[in-house]
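> Please arrange chain B on chain A, whose structure you already have, making use of the hints.
Number of protein chains: 2
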Amino acid sequence: MAKTGSTAAETAETMAQRQREISVSEFFLKNRHLLGFDSPRRALLTAVKEAVDNALDACEEARILPEIAVDVAQTSPARFRVEVTDNGPGIVRAQIPKIFAKLLYGSKFHRLRMSRGQQGIGISAAGMYGQLTTGQSTRILSRTAKSKAAHSMEVQIDTRANKPVILRDEETGWAPAFPNPDKPADPPVPAGHGTSVSIEMEAAYVRGRLSVDEFLQQCAIVNPHLQLHYRVTLLAKEEKDQQPTSNNQQPTTNSQQPTAHGGGGGTWQTYRRAVKELPPPPGEIQPHPHGVELGVLMQMLKDTSSRTLRGALATDFSRVSDRTALEICTRAGLEPKANPTRIAHRESEALFKAIAETKLMRPPTDCLSPIGEAAIVAGLKKEIQADFYTAITRDPAVYRGNPFVIEAGLACSKPGENEEQAADDPVRVLRFANRVPLLYQAGACAVTKAVTGVNWKAYGLSQPKGALPVGPVVLMLHMASVWVPFTSESKDAIASYAEILREATFALQECGRRLSVFLSRRHREAEAMRKRDYIQLYIPHLALGLKGVLGLSDREEADVKRRLAKMLERTHLDL
Amino acid sequence: MAKTGSTAAETAETMAQRQREISVSEFFLKNRHLLGFDSPRRALLTAVKEAVDNALDACEEARILPEIAVDVAQTSPARFRVEVTDNGPGIVRAQIPKIFAKLLYGSKFHRLRMSRGQQGIGISAAGMYGQLTTGQSTRILSRTAKSKAAHSMEVQIDTRANKPVILRDEETGWAPAFPNPDKPADPPVPAGHGTSVSIEMEAAYVRGRLSVDEFLQQCAIVNPHLQLHYRVTLLAKEEKDQQPTSNNQQPTTNSQQPTAHGGGGGTWQTYRRAVKELPPPPGEIQPHPHGVELGVLMQMLKDTSSRTLRGALATDFSRVSDRTALEICTRAGLEPKANPTRIAHRESEALFKAIAETKLMRPPTDCLSPIGEAAIVAGLKKEIQADFYTAITRDPAVYRGNPFVIEAGLACSKPGENEEQAADDPVRVLRFANRVPLLYQAGACAVTKAVTGVNWKAYGLSQPKGALPVGPVVLMLHMASVWVPFTSESKDAIASYAEILREATFALQECGRRLSVFLSRRHREAEAMRKRDYIQLYIPHLALGLKGVLGLSDREEADVKRRLAKMLERTHLDL
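Taken in sequence, the protein lines are chains A and B. Mapped onto our numbering, the consecutive letters of the first sequence carry residue numbers 1 to 575. Mapped onto our numbering, the consecutive letters of the second sequence carry residue numbers 576 to 1150.
Chain A with its partners taken away, still in its complex shape (with noise of 0.2 Å):
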């Protein structure tokens, strides 16, 4: 039966009472897209995203090495258990439930300062997504020193309302632990302090482009200071055909592959720390006049802490020194002792306009924290064996007056030795944004734009109108940001700011150069040694003749010959 809905024509009065509120939560379970779960596929890959990034963000923002396990069990065919534990500071009770389960909540949305998580959406999502698919809470378990007590929790989230629903909340003993690569025989290492979160879902593993496997693998080079564990189990009848046995899915160069341990379930395979420092701790930054809106200087008048206008200005934004805040305020026509408030509803637009007039620093730059070209290099060296890198970390840069940095990599196979990669597919892109390898989304990036855009034939490679080049190329890019743009709430694809774009193109332009000439010099050098032999099949014949002609010595022909293929030596280059 049927049951189609009234299709008589509506007036104002009747649509006016289906008028109503949609709860933030409502509309993202609906759109579960938009937050990367759209396929069980992308739902594995993207909660132990959300998880990871949390983990490394906390542990850093606590000046912890972070160390990281990610488990993943199957319970049944179409679903998947994922916990990720950490070492990280904890959690205080408090904070728990709406941390897990309330969208739009966070510590890092309301700042500047790069990091990996800015929305307060991804692990609450995770969370929703679990309960959607599965009915099943998420569980945590958190402790944030050794002499505190574990909190275990259970969290749903009230969908309607976008409030967290507390199914259990005990003190508790303590187990979250890592596998310890070097005595595997040995039992797990107890964490001191951190959090483990534990969510149920539908999923399905898949190994290769696109996994869990290579998410991880991706995270661990760019975050050469991060300990990571690693584990899928699989239910009996599908291990045959699953299971990543110890090594031999890893890229054959990775001089820092992952080590494989025993332990009950699953194999755990460890990605060692590379280095034992963490990065420079980014800073956070106060917005720059320059890219503010008019209606959120409107908006920062209105909240200001400061009585004056002058204050206000020298407190709250970026590269505004007092002697500046007066400047701006006699360009303005405006009292330097106004109140921020009433400015904001009667004269911002003079005051905004007085800003824009103001030559002022760029915002400062010490705030981000980039990969470095070395670790690009060698980033690059673990995912392809190829016989030239290069990589570039470009100037800082500004849109909308946040403070980002470009930086590039490029790696060129010799035809054919690329077993990844046919002579005839288009170049491999790896995308990161603040050190988060973006994997799903690359037609809608703004890195993807920027390579296409860039006319690589003109640096000696192939490229279909309007595409991606072709050939046995990896590219990496990478864009550190105080606020990164994504095109979607899934995190998968930076959006196509102009300053954005032109920033990659000139990056990748600058690879390309540098490209260009090793080409160059690789087709000389072939061109050389195709002449070299040529000529090398003559040389017993002209010695020979010689031999002939003036009468020479057996001695003298082998004399001769050596010679020539000496004089042959000193000159090829110069062929």
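I should point out that these hints are in silico values taken from the structure, not numbers from a laboratory. Glycine residues also receive a C-beta, built at the ideal position from the N, C-alpha and C atoms. There's no promise every hint is true.
Pair ranges (Cβ atoms, derived) [claimed, not checked]: (1) B:S896 <-> A:R18: 24 to 32 Å; (2) B:V1092 <-> A:R207: 50 to 58 Å; (3) A:E349 <-> B:V781: 24 to 32 Å; (4) B:K721 <-> A:K465: 49 to 57 Å; (5) A:A498 <-> B:D1000: 23 to 31 Å; (6) B:R898 <-> A:R18: 26 to 34 Å; (7) B:A653 <-> A:A374: 40 to 48 Å; (8) B:R1077 <-> A:K414: 35 to 43 Å; (9) A:A498 <-> B:K1032: 33 to 41 Å; (10) A:A374 <-> B:A583: 47 to 55 Å.
Listed below are the simulated DSSO-like cross-link pairs for lysine-lysine, each with C-alpha atoms no more than 27 Å apart in a straight line [what the hints assert, rightly or not]: (11) A:K465 <-> B:K989; (12) B:K989 <-> B:K1040; (13) A:K30 <-> B:K934; (14) A:K30 <-> B:K877; (15) A:K30 <-> B:K605; (16) B:K1032 <-> A:K449; (17) B:K877 <-> A:K98; (18) B:K989 <-> A:K163; (19) B:K605 <-> A:K353; (20) B:K1106 <-> A:K465; (21) B:K673 <-> A:K30; (22) B:K605 <-> A:K98; (23) A:K30 <-> B:K1024; (24) B:K877 <-> A:K449; (25) A:K465 <-> B:K1040.
Just chain B, lined up with the frame of chain A:
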């Protein structure tokens, strides 16, 4: 002076202090690119699109033949005022503030019915962007009937609370009127009722691809029941460069060209209504049990107004008769008279499993209103001069319980005849969702993915690996659904659900097969023509030879020539 925040190590306690809620408006203000407001150019298009979508939806729901005027006027070098007026049912006064100044508020989210708007975000987002960039309010004028008073309002959005702030609220006279393309000198014709919304924003007007012009033109093509007036007024010094002059920017084959006519400011252009009937009203449907996730099932059981499980199943879902409801209960081992709320908490999983195992009719599909094959071909004919057109409307399919229909069209020109597209350009892809043209984010769209995934070489087009095919071809794809899954809130690209990709691929392959038949015939004919031309060269010589050999008169020679040519004509098709 750089005011970089503290970079001291955090603890769980210091981190807890910074945790807070993020309002949905704050979130989208900072992420305005998610809503389609990342560049001034795109902002103008997005604002027009949101207003036109709403106007069309309102008219169709009220069963009014839509007439819409889009008036874009430059107010300063970087600012425009966008005013969109419709003859729809109007909006009751109490609803105006929330509809135009509150994100996630609307009538379309909580139902399954084919419409352009879905989310309750679009027009409020446009207003919020205007407010952000110019500090100006959104102005609304609405009247629900000739006999009623008109309401004029100015609203802003309090982004901290995601609530409307009313700045003006008056009963006023009624001004909205539409220009008369038949009598351009006459005063405009007043609309009896409807809504007019006006937003001033930072924007840029650019013609060509991805422009307001392109959007409105495509909009008129897929909505032939729409009478659409459009005007752009630029400031004097830019007039020369940008002002569209009456006809020459229109595609030459558009038989339904907009008529340009006078009036104050710029010149109005009208896309005339081509058909006088509204599309059939799309019906509203209930969720189909097979598309409902466990979490949603639980929520529905909690929310139902039925007192028994059996009643809830039969009432709240489509394709569940009373008898089927009983069957499901029996299979799940549940009492048909059980309280649905109790089932939700305890036994929903058994119920979920029983539903999955019960055979059900597919969701009703009469709720969809596709464009239709004839209309698609007619639309393509307006877009491109070609010698081959085809279109296909697939049977309805289902993703996540939502019925949808995919339609595809293809037009192929002779190489060199299509001025807009060079022989080595990728094919042009026109994308539509629920009759709305999608212009941005092509790279993120399931449509692009489907086009790229089809093996076009098999159908006679060249195609670089992993890229769009190449050639003088225009492809058109339309998805009609009770819920279109977009990849972001700006609704520019369709998410790649497997079922959608599959349907799009099948539709494209069918177009490809037809194209291949056409191209083979064209090739065969060209080949035959070439041979015929070749033989024709010899006819005079042959006739002359025969004349000599047989001693024919001049008249007989001419007769032989004529008869040889005739024979050739008769047989050339079999060559």
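> Are K877 of chain B and K449 of chain A close enough, with their CA atoms no more than 27 Å apart?
With a Cα-Cα distance of about 47 Å, the restraint between K877 of chain B and K449 of chain A is violated, given a limit of 27 Å.
> Mind checking the hinted window 24 to 32 Å against the Cβ distance between S896 of chain B and R18 of chain A?
holds (27 Å)
> Does K605 of chain B pair with K98 of chain A here, judged by a C-alpha cut-off of 27 Å?
Holds - the C-alpha atoms of K98 of chain A and K605 of chain B are around 22 Å apart, at most 27 Å.
> Can you confirm whether the C-alpha distance between K673 of chain B and K30 of chain A stays at or below 27 Å?
holds (22 Å)
> Holds or violated: are the alpha carbons of K1106 of chain B and K465 of chain A at most 27 Å from each other?
violated (34 Å)
> Quick check on a hinted range of 23 to 31 Å for A498 of chain A and D1000 of chain B, using CB atoms only.
At roughly 24 Å between Cβ atoms, D1000 of chain B and A498 of chain A fall inside 23 to 31 Å, so the hint holds.
> Holds or violated: 47 to 55 Å for the Cβ distance of A374 of chain A and A583 of chain B?
Since A374 of chain A and A583 of chain B have Cβ atoms about 28 Å apart, the given range 47 to 55 Å is violated.
> Given the hint that K465 of chain A pairs with K1040 of chain B, test it: the Cα-Cα distance must not exceed 27 Å.
Holds, because 12 Å separates the two Cα atoms, which is no more than 27 Å.
> Quick check: does the Cβ-Cβ distance between R898 of chain B and R18 of chain A fall within 26 to 34 Å?
holds (32 Å)
> Hey, K989 of chain B versus K1040 of chain B, does the alpha-carbon distance stay inside 27 Å?
Within the cut-off at roughly 24 Å; holds.
> Against the 27 Å threshold, does the CA-CA distance of K30 of chain A and K605 of chain B hold or violate the hint?
holds (23 Å)
> Holds or violated: K30 of chain A with K877 of chain B, Cα cutoff 27 Å?
This hinted pair holds, its Cα atoms lying about 18 Å apart.
The earlier numbered hints that this structure contradicts are 2, 10, 18, 20, 24.
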